[in-house]
Structure formats: structure tokens, C-alpha cells
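Visitor: Throw the hints in and build the complete structure from the sequences for me.
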Amino acid sequence: GNSVTQMEGPVTLSEEAFLTINCTYTATGYPSLFWYVQYPGEGLQLLLKATKADDKGSNKGFEATYRKETTSFHLEKGSVQVSDSAVYFCALKGGSEKLVFGKGTKLTVNP
Amino acid sequence: DAGVTQSPTHLIKTRGQQVTLRCSPKSGHDTVSWYQQALGQGPQFIFQYYEEEERQRGNFPDRFSGHQFPNYSSELNVNALLLGDSALYLCASSFIVTATDTQYFGPGTRLTVL
Chain A
58 GNSVTQMEGP VTLSEEAFLT INCTYTATGY PSLFWYVQYP GEGLQLLLKA TKADDKGSNK
118 GFEATYRKET TSFHLEKGSV QVSDSAVYFC ALKGGSEKLV FGKGTKLTVN P
Chain B
54 DAGVTQSPTH LIKTRGQQVT LRCSPKSGHD TVSWYQQALG QGPQFIFQYY EEEERQRGNF
114 PDRFSGHQFP NYSSELNVNA LLLGDSALYL CASSFIVTAT DTQYFGPGTR LTVL
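Each protein sequence line maps, in turn, to chains A and B. Take any residue in the first sequence, count from 1 to its spot, add 57: that is its number in our numbering. Take any residue in the second sequence, count from 1 to its spot, add 53: that is its number in our numbering.
Calculated directly from the structure, the hints in this document are not laboratory data. In this text, a Cβ means the ideal position worked out from N, Cα and C, and glycines have one as well. Treat the hints with care, since some could be wrong.
As the list claims (entries may be wrong) - Partial pick of chain B residues on the chain A-facing surface, computed with a CB cut under 7 Å:
1) Ala91
2) Leu92
3) Gly95
4) Phe98
5) Gln101
6) Gln109
7) Phe113
8) Ala140
9) Gln156
10) Gly159
11) Pro160
Guide: Quick look at the structure:
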């Protein structure tokens, strides 16, 4: 079945550091890929998405490129801020209607 | 434009009791999905409702049931609560027609079973 594997956390960075959170997936066909963010005590917010190979999703300085050849969708940001501290979830949506999530990566950014 | 809303925010129940959680989808959306998020884990799909019918179901027992109303709002019911049902329950809405439809999540209901 479909699955998502994210890099283990937690990740701790200093403000203005470069961020990469790795995400790889296993799926049949051509899934849509998503990054969601969860701030403390809140639900999930869509951060960005990509629906086909080589698409780049971007939002709020975050980027991720759909790489079919490596089945990856790594999240990157050039300069993180304290306000980016949250849990980040990679997810895919394949032929069925459900989202399949990774376990999440907790990011803490220190001033 | 109102987003996805859920009620209640928090709930405390004891083992064996029954609980009902409610969700109103984002304006213009016709499909509601429910997810369970245990502490420190990613959300797990419970089921999805469209046109008042359960369209797809995840690997959850029959104690978990749902309903969708004509106005697209939805309820999640859990019977015979177990300690392991303690989790954040998330509702997500989408518009079914688009193949790449994005699911938008509500803030969740935190259920604690004692």
C-alpha cells in the first residue's frame, strides 16, 4: 500500500539557518504530494502541494519539488524564523481519497 | 469565508461511554473526511463521507461510525470507548469533483478517555 517516510526529528536550528526535511514515498500510480504544518495545540494547515512530477510547490518561503525518479518531496527553506517552529507532516493522496501521512518532524527554531 | 469548524474543542469521557464529535465543512465543500491523530503520530484515516454515504473507510473497528447531513456537515460517533481512543480527532473537507482536491483541516477535537 501507499506509505510516506519522513526524517526522524526533532530538528533544532538557529534563526536564519537553512532547513531541509526529507520525505520519500511509496505509491502506485501518480499521487499528489503535500506538506502540512501543525502549530502547538492546533489542527493541520496546508503548507504546499504538488500534483505531478517536477512540480514545485511553494508558500511562505518553503519549497518542495515532486521528484518521481527518487520518489521524494523534500521540504526546504532558506532562512527559518522562530515562528516556523512546528511539526511538519508529509502526505500523499493516491488513487483513493484518503491522505496518507508520515509520522511528522518537529522543528524548533531558536533565536 | 469560514473554514472547517469542529466541536467540541475538548472532551473527557470514561471507558465504555459513547461520544459524538461534529464538523462543519469549508464553504463550497461537499466531502468530509475524519482522521485520528494519536500523540506524537501522524493522522490516520478513519472514513470519508460524500452525498451522505460512507465512501471509503480506513482500518478502524465498527465502534467508529459516522453520518453526513444534507448541509454536508458530519458527525463522528465512537461507542464503547477504550483508553486507546484518546487522541486528537481531525475533520477535513474537500470538493469531490476535482481529482487533485486538497483537504482542509479543522482545529480538531481533543478526546481524553479515562
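Visitor: Each hint needs a verdict: does it hold in this structure or not?
Guide: To see whether the hints hold, each was checked on the structure:
Against a cut-off of 7 Å between C-beta atoms, the interface hint on alanine 91 of chain B is violated, since the closest Cβ of chain A lies about 10 Å away. Hint status for leucine 92 of chain B: violated, given a least beta-carbon distance of 11 Å to chain A, over 7 Å. A distance limit of 7 Å between C-beta atoms decides the matter here; for glycine 95 of chain B the minimum to chain A is near 3 Å, and the interface restraint holds. Satisfaction of the interface hint for phenylalanine 98 of chain B is found here, the shortest Cβ-Cβ separation to chain A being roughly 4 Å, below the 7 Å cut-off.
The restraint placing glutamine 101 of chain B at the interface with chain A holds, with a minimum CB-CB distance near 5 Å, inside the 7 Å limit. A cut of 7 Å between beta carbons decides the hint on glutamine 109 of chain B: the least distance to chain A is about 5 Å, and the hint holds. Hint on phenylalanine 113 of chain B is violated. Least Cβ distance to chain A is approximately 12 Å, over the 7 Å limit. Restraint check, alanine 140 of chain B versus chain A: the minimum CB separation of about 13 Å is more than 7 Å; hint violated.
Evaluation of the glutamine 156 of chain B hint against chain A yields a held restraint, the C-beta minimum of about 6 Å falling below 7 Å. Of the supplied interface hints, the one on glycine 159 of chain B holds, with its beta-carbon coming within about 5 Å of a beta-carbon of chain A, less than 7 Å. At its closest, the beta carbon of proline 160 of chain B sits 4 Å from a beta carbon of chain A; the interface hint therefore holds under the 7 Å criterion.
In this structure, the earlier hints numbered 1, 2, 7 and 8 are contradicted, and the remaining ones agree with it.
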